[in-house]
Amino acid sequence: MRRSLAAAALAALLCVPAAGQSMSPMRGQVASFDDAFAVRVFPANPYGHRIRIAVRVYDQEFRPVAARIAPNDFMLGADASRPVLVVVPFDGAATRKVRICTESVPFPGEQTQIKAQICGKFLGQRRF
Amino acid sequence: MESKPVLAALAASCLAVPAGAANVTFEGSVTPTCTLTVNSNGIMKVSANLQSLSSHNAGGQAGVVQLTTTGGVQVSVDPVTDADLKPSADTSATTWTPTYAAAGAHTISETGSATTLSAPGTSTVSVHLAGTKAGSDRFAAGDYSATVVVLCEE
Chain L
1 MRRSLAAAAL AALLCVPAAG QSMSPMRGQV ASFDDAFAVR VFPANPYGHR
51 IRIAVRVYDQ EFRPVAARIA PNDFMLGADA SRPVLVVVPF DGAATRKVRI
101 CTESVPFPGE QTQIKAQICG KFLGQRRF
Chain A
1 MESKPVLAAL AASCLAVPAG AANVTFEGSV TPTCTLTVNS NGIMKVSANL
51 QSLSSHNAGG QAGVVQLTTT GGVQVSVDPV TDADLKPSAD TSATTWTPTY
101 AAAGAHTISE TGSATTLSAP GTSTVSVHLA GTKAGSDRFA AGDYSATVVV
151 LCEE
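Residue numbers (this note's numbering), protein chains in the order written: chain L, 1 to 128; chain A, 1 to 154.
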């Protein structure tokens, strides 16, 4: 368990964030010595008010992936950004491509709501 | 006769490149980024024949999203399969069609397909949603609500 967390933390450090985006980075390649790889993304709130943000992980066909996301749903203040750690299992594969998406509905409860979804593509490669 | 120009050239070269000078190079890299800011949601209005509930109809209004990117991303809208909210009296099928158009740094004619944005800049994206009923089906009295997902991905 400790080894797994250490590998995940090390892998997460390899993804360098950029400030002031809705989600950054939008691409990444991570090498992992464990049965999961980790990516740290930085969702940002460009609005002048608090919004609820969800972080989700999908495969290439937009099917949900059972990844650990911490935190996966949260409120984010105006013009703020925060780190989110995503740990994706390889599920026995040597490589795995996933989409990590930041989703928000900034003005809920109206007739035609618009959900903004920013997705990045990430490749995990398992080292043996 | 020729020594003067040679000496002048040597002097000039000494002034231009002092001993011990070195070039300092800078490198940088910009990765693809995308920011979507929803400025306003849309409004759908029903048509006179009650078979269309659309932001294109009279009194309707497109949703407005501001998109800022470095380029190297793709924008699209996800299919809408059903309304989030509809009157209980509406039991017939509705076909929902989300579309979008963009103006500004990127010019996109109204489409429902994905568009690759290679240029950087900021654009205003207009998002439309149209629900249609076929045959003798009609929209029922009551409140409707639907969600259009605007996707920007690398």
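I should point out that these hints are in silico values taken from the structure, not numbers from a laboratory. Treat the numbers as computed from the prediction; the structure is a model and nothing was measured. A portion of the hints provided could be inaccurate.
Below, simulated EDC-like cross-link-like pairs (lysine to aspartate or glutamate); rule was C-alpha separation at most 20 Å, straight line [what the hints assert, rightly or not]:
1. L/K115 - A/D82
2. A/K86 - L/E110
3. L/K115 - A/E153
4. L/K121 - A/E110
5. L/K115 - A/D137
6. L/K121 - L/D79
### Query
Which hint numbers does the structure go against, in order from smallest to largest?
4, 5 and 6
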